Amino acid sequence: PVPVKGSSDCRIKFDSNIYSIPPRYANQVLSVKATKDEVFIYYKNKLITKHSRSWGKYKVIEDPRNCRGLLELKKKAIVSKIKDEFLSLGKVAQEYFKGLSNKDCHLPNELARILKLRHIYGVSEIGQAIGDALKYSAYGASYIENIIIANRTRRGEPIIHQEISLPEKLANTQVEERHPSIYDILLNEEEDGQS
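The sequence shown begins at 1102 in my numbering and counts up one residue at a time.
Hints in this document: simulated from the structure, not taken from any laboratory. Values in this document were obtained by computation on a predicted structure and should not be read as measured data. Keep in mind that the hints are not guaranteed to be accurate.
To be verified - DSS-like cross-link-like pairs, simulated, lysine-lysine; straight-line CA separation at most 30 Å: (1) LYS1160 to LYS1177; (2) LYS1147 to LYS1199; (3) LYS1176 to LYS1217.
Said to hold, decoys possible - Cβ pair distances, simulated, as ranges: (4) LEU1208 to ASP1138: 43 to 49 Å; (5) ASN1146 to SER1189: 39 to 45 Å; (6) LEU1208 to ASN1146: 39 to 45 Å; (7) LYS1176 to ARG1255: 36 to 42 Å; (8) ASN1128 to TYR1237: 45 to 51 Å.
Positions of the beta carbon are idealized from the N, C-alpha and C atoms, including for glycine.
Put together the whole structure using the sequences plus the hints.
Quick look at the structure:
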């Protein structure tokens, strides 16, 4: 067996190629045994995955089951980070989280939207809005935003509108400017067809 170390992105290098491993073995010392047709990857003498052997160079050989596990771990990590960040807003946020968890909504999206409002309006204003929303059992980012807008309007403060961000591909799209006379040709063709 050849000793290898699993990377943080759940892969190992063997014979100038990269092979996927299950996520729970990331950053672990593993061993590889290979035949002319297959690559077997072990953790403490236990087979954890196998692949067809590639004789090419610099190829990435993945088992979809390994990748699926990695995606699930990443999703859970992101959701956990959002939840922790929200709960760090204090006791009122912790109470609000309990109520929001009982609502029929996509919890990570609601929490992320509320955290975005925190970046726009600040911790104290978002904390006050969460407290007000709790009094009325109004659970959701839209309620928090409406409370902030109402409070700012009452105090005569400006309302900060969120900027809608476009996907990078769309934001970087260039459209060639054309002279409007090209549309005259289309209109003339329509008129000729109607007469």
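Hint by hint, here is what the structure shows:
no. : hint                           : result
1   : LYS1160 to LYS1177             : holds, 29 Å
2   : LYS1147 to LYS1199             : violated, 42 Å
3   : LYS1176 to LYS1217             : holds, 19 Å
4   : LEU1208 to ASP1138: 43 to 49 Å : holds, 47 Å
5   : ASN1146 to SER1189: 39 to 45 Å : holds, 43 Å
6   : LEU1208 to ASN1146: 39 to 45 Å : holds, 41 Å
7   : LYS1176 to ARG1255: 36 to 42 Å : holds, 40 Å
8   : ASN1128 to TYR1237: 45 to 51 Å : holds, 47 Å
In terms of the numbered hints stated before, the structure departs from hint 2 and from no other.
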